[in-house]
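Order-wise, the sequence lines are chains C and U. Here the first sequence stands for residues 1 to 377, where the numbers follow this note's numbering. Here the second sequence stands for residues 1 to 87, where the numbers follow this note's numbering.
Just so you know, not all the hints are guaranteed correct.
[What the hints assert, rightly or not] Just a few of them, taken from the derived set where beta-carbon distance is under 7 Å, the chain U residues facing chain C:
{"no.": "1", "residue": "Ala27"}
{"no.": "2", "residue": "Arg30"}
{"no.": "3", "residue": "Arg69"}
{"no.": "4", "residue": "Pro74"}
{"no.": "5", "residue": "Leu77"}
{"no.": "6", "residue": "Gly78"}
{"no.": "7", "residue": "Leu80"}
{"no.": "8", "residue": "Tyr83"}
[What the hints assert, rightly or not] Now the in silico label distances, taken between C-beta atoms and shown as ranges:
{"no.": "9", "chain 1": "C", "residue 1": "Val236", "chain 2": "U", "residue 2": "Pro68", "range": "22 to 32 Å"}
{"no.": "10", "chain 1": "C", "residue 1": "Glu95", "chain 2": "U", "residue 2": "Thr56", "range": "53 to 63 Å"}
{"no.": "11", "chain 1": "C", "residue 1": "Pro219", "chain 2": "U", "residue 2": "Ala60", "range": "39 to 49 Å"}
{"no.": "12", "chain 1": "U", "residue 1": "Glu55", "chain 2": "C", "residue 2": "Arg116", "range": "26 to 36 Å"}
{"no.": "13", "chain 1": "C", "residue 1": "Gly164", "chain 2": "U", "residue 2": "Thr56", "range": "22 to 32 Å"}
{"no.": "14", "chain 1": "U", "residue 1": "Arg50", "chain 2": "C", "residue 2": "Lys96", "range": "50 to 60 Å"}
{"no.": "15", "chain 1": "U", "residue 1": "Lys64", "chain 2": "C", "residue 2": "Gly256", "range": "21 to 31 Å"}
[Unchecked claim] Away from chain U, derived, C-beta distances all over 10 Å, residues of chain C:
{"no.": "16", "residue": "Lys98"}
{"no.": "17", "residue": "Gly112"}
{"no.": "18", "residue": "Arg287"}
Simulated from the structure, these hints should not be mistaken for lab results. C-beta: ideal position from N, C-alpha, C; glycine also.
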Amino acid sequence: MKSSADVVVVGAGVIGAATGYYLAKNGLKVLVIERDFPCAGSTGRCIGGIRAQFSHDLTIRVMMESVRMFRGLSDELGEDVEWYSGGYLFLAFDEKRKQAFLDAIAIQKRYGLDVRFVSPDECEKIAPGLDPTGLIGGAHCPTDGQANPFKVTYGYLEGIKRLGGRLVVGCGVRHVNQLGDRVVSVTDAKGDEYACNMVLNAAGCWADEVGQMAGVKIPVTADRHESLVTEAVERVFDPMLVDYRSDGCYFVQHSGTGHFIGCYTPVPLVPGHNVDATDEFITEMPRRMVRLVPRLAGVKVLRQWAGSYEMSPDGNPICGGTPLRGFYVSGGMSGHGFMFGPALGKLMAEQMVDGRASIPLDEFYLSRSFGKAEAMK
Amino acid sequence: MVVCRCEEVSEAEVRRVIRMGYHSLEAVKRVLRTGMGHCQGRGCLRLIARLIQEETGIPASEQKLPRPRPPLKPLPLGLLRDYRDEE
Ligand SMILES: Cc1cc2nc3c(=O)[nH]c(=O)nc-3n(C[C@H](O)[C@H](O)[C@H](O)COP(=O)(O)OP(=O)(O)OC[C@H]3O[C@@H](n4cnc5c(N)ncnc54)[C@H](O)[C@@H]3O)c2cc1C
Ligand code: FES
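Looking at chain C on its own, in the form it has when it is part of the complex (with noise of 0.2 Å):
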């Protein structure tokens, strides 16, 4: 036996990253695992877009809370996240999608999100440059936002480094050992075993791998997005837009360094883990981009990349324990696991050290219906 913990992290992605330091603060030994290297998976190829805009009330009240929690972050770990609240404006070009944000946001007031529906007058002012050309309005939340994904992971890491724990990085865990109904140990795949109370499986796209690893089915799968970034240029505006039509597309300006970071959803989706660029993106991305935005014809591309969106059957994370007793998950994240990051992690923290986490995580178990699914995706 290589050494023990309390609990073992699986995966040094944000949501590994920031659980186990919610862990660690609850006074629990961590040690995190990483196959390859931390941000190696989706979060290294995130544009670190942060919103409360949802459709589902749980998801609206965790990431109400991720917000809270993103705005006290440098704090909390001694590391400048570059935390910036410059909103989230969706654009809606025909009355169907006016009529799914009017719904969303009578969910989102419920809670008591600042959140209303623009005219494109006022989308306009929101962000200057913006085309107007078919729109019909807006759902704009001002106190929407953007981090950097790295700063905040690596943030974490140090924290649980700091509260005792440790990360072990370059070997993957190959084997979850379990005796009776319950988790003992898990083997890398250098045959080093490691003897814990508990495992988090927080693999990110290779979630159901590890799941096979406990017996336990994880109905996660990859599906690739690609992204490009532009050189730095003079602020042009604060918000992320989001354009949801089919050819559709959603960037933000980076509010510290100025660059211009965005992505698309393919029509058809391109299933399987391929982190492989392609010809098509790198012109169809800057023609979208463009249509919104002609100024910004001049900006230059510095490159483009690929990365895997983790999806579970309705687009809601999937969190909380297995049948394995001891085996938890936090995963399924659909595209949206950097922003969940802060609230999750501390909500996994204590689902697993109280059985039960403040604000009930029932409604994303893994024993769930996958029923409707998410409207803002």
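We have chain C already, so just place chain U with the ligands on it with the hints.
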């Protein structure tokens, strides 16, 4: 000494991050943006590989270079869009 000019990263910062446990060019790039600047790493990756070798003993020649991420030269959004329109 500055090792990555594009992102203004000093040798001391790179060494600090390697000592934190980030032992590859990809891993250091994720922390410090070294290699993500205008030159896409042409100016700094070899230097950083040497620092990793000094700090960890992993020979520079055995270190994997980050995956090249096009375009290799920065191009304007408008130009890339026009390329699409002509297709
Ligand atoms: C292009 C793009 C843009 C995005 N934009 C946003 C955004 O604006 N806002 C937002 O909130 N989200 C965004 N996301 C989604 C977000 O990046 C993910 O939901 C989030 O990073 C998931 O974090 P994670 O920790 O669950 O997984 P990951 O970051 O993938 O971490 C999982 C880790 O587990 C490790 N691992 C796997 N198997 C093993 C094993 N057997 N043993 C040990 N370690 C293992 C992997 O190496 C990896 O490091 C975006 C994603 C992409 C691809
Ligand atoms: S010198 Fe490091 S990216 Fe250009």
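Right, here's what the structure says about each hint:
1. Ala27: Ala27 (chain U) check passes; min Cβ-Cβ to chain C is 4 Å, inside 7 Å.
2. Arg30: holds, 5 Å
3. Arg69: holds, 4 Å
4. Pro74: For Pro74 (chain U), the interface hint holds, since the closest Cβ of chain C sits about 4 Å away, which is under 7 Å.
5. Leu77: holds, 4 Å
6. Gly78: holds, 3 Å
7. Leu80: At about 4 Å, which falls below the 7 Å cut-off, the nearest Cβ of chain C leaves the hint on Leu80 (chain U) intact, so it holds.
8. Tyr83: holds, 5 Å
9. C:Val236 / U:Pro68: 22 to 32 Å: The hint (22 to 32 Å, Cβ to Cβ) holds, given that Val236 (chain C) and Pro68 (chain U) are roughly 29 Å apart.
10. C:Glu95 / U:Thr56: 53 to 63 Å: Taking Cβ atoms as reference, Glu95 (chain C) and Thr56 (chain U) lie about 60 Å apart, which means the hint holds.
11. C:Pro219 / U:Ala60: 39 to 49 Å: holds, 43 Å
12. U:Glu55 / C:Arg116: 26 to 36 Å: violated, 53 Å
13. C:Gly164 / U:Thr56: 22 to 32 Å: Once the Cβ atoms are compared, 25 Å apart, the range 22 to 32 Å for Thr56 (chain U) and Gly164 (chain C) holds.
14. U:Arg50 / C:Lys96: 50 to 60 Å: Cβ of Arg50 (chain U) to Cβ of Lys96 (chain C): about 58 Å, so the range 50 to 60 Å holds.
15. U:Lys64 / C:Gly256: 21 to 31 Å: Because 29 Å falls inside the window, the suggested range holds.
16. Lys98: Non-interface label on Lys98 (chain C) holds, nearest chain U Cβ at 28 Å vs cutoff 10 Å.
17. Gly112: holds, 36 Å
18. Arg287: violated, 4 Å
Checked against the numbered hints given earlier, this structure breaks hints 12, 18; the rest are met.
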